[in-house]
Amino acid sequence: MLNSPVGFGTPRQADTEMFCKKCEGSLRVIRSCREVTVFCNKCGGRFRLEEYVDYIDDIEDFMGNVPCDRI
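Using our numbering, the letters of the sequence shown map in sequence onto residues 826 to 896.
The hints are simulated quantities; they were obtained by calculation from the structure and are not laboratory data.
Note that beta-carbon positions come from the ideal geometry of N, C-alpha and C, so glycine has one too.
Please note that a few of the clues may not be correct.
Derived DEER-like restraints, expressed as beta-carbon distance ranges [what the hints assert, rightly or not]:
no.	residue 1	residue 2	range
1	Glu849	Val878	24 to 30 angstroms
2	Val878	Ser857	17 to 23 angstroms
3	Gly889	Gly869	24 to 30 angstroms
4	Glu860	Asp886	25 to 31 angstroms
5	Gly889	Cys868	24 to 30 angstroms
6	Ser851	Arg873	23 to 29 angstroms
7	Gly889	Lys847	14 to 20 angstroms
8	Thr862	Asp882	15 to 21 angstroms
9	Cys848	Gly889	26 to 32 angstroms
10	Ile855	Asp882	16 to 22 angstroms
11	Arg859	Gly889	14 to 20 angstroms
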């Protein structure tokens with residue numbers, strides 16, 4: 826996973842080894858102030874994290890830095 830550290834040393838986004846359910850493009854997980862979003866680098870689709878909950882183990886390190894109220 827490739828991380829881009831911002832702010833207080835915790836990454837705000839991470840590339841993943843997950844693939845988009847629409848186009849099979851690579852996905853990026855983005856942490857905003859209020860939620861975590863899954864973004865497709867190929868088709869530009871934005872998805873709620875719960876649509877990819879089966880793959881949560883793939884982004885476990887990233888999710889460890891996200892407050893529970895944003896999941």
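Tested hints:
For glutamate 849 and valine 878, the Cβ-Cβ distance of about 19 angstroms falls outside the hinted range of 24 to 30 angstroms, so the restraint is violated. Checked against the given bound of 17 to 23 angstroms, the beta carbons of valine 878 and serine 857, roughly 18 angstroms apart, stay inside it. For glycine 889 paired with glycine 869, a C-beta distance near 27 angstroms keeps the hint of 24 to 30 angstroms intact. Under the hint 25 to 31 angstroms, the C-beta atoms of glutamate 860 and aspartate 886, about 19 angstroms apart, miss the expected range.
Our hint of 24 to 30 angstroms for glycine 889 and cysteine 868 holds, since their Cβ atoms are close to 28 angstroms apart. Evaluation of the 23 to 29 angstroms hint for serine 851 and arginine 873 yields a failure: the beta carbon distance comes to about 18 angstroms. One distance hint, 14 to 20 angstroms for the beta-carbon pair glycine 889 and lysine 847, is violated here, with the actual separation near 28 angstroms. For the pair threonine 862 and aspartate 882, the beta carbons lie near 19 angstroms from each other, so the given range of 15 to 21 angstroms is met.
For the pair cysteine 848 and glycine 889, the supplied restraint of 26 to 32 angstroms holds, since their beta-carbon distance comes to about 29 angstroms. Between isoleucine 855 and aspartate 882 the Cβ separation comes to about 19 angstroms, which falls inside the hinted range of 16 to 22 angstroms. Restraint check, arginine 859 to glycine 889: a C-beta distance of roughly 18 angstroms satisfies the suggested window 14 to 20 angstroms.
Hints 1, 4, 6, 7 from the list above are not met by this structure, while the remaining hints are.
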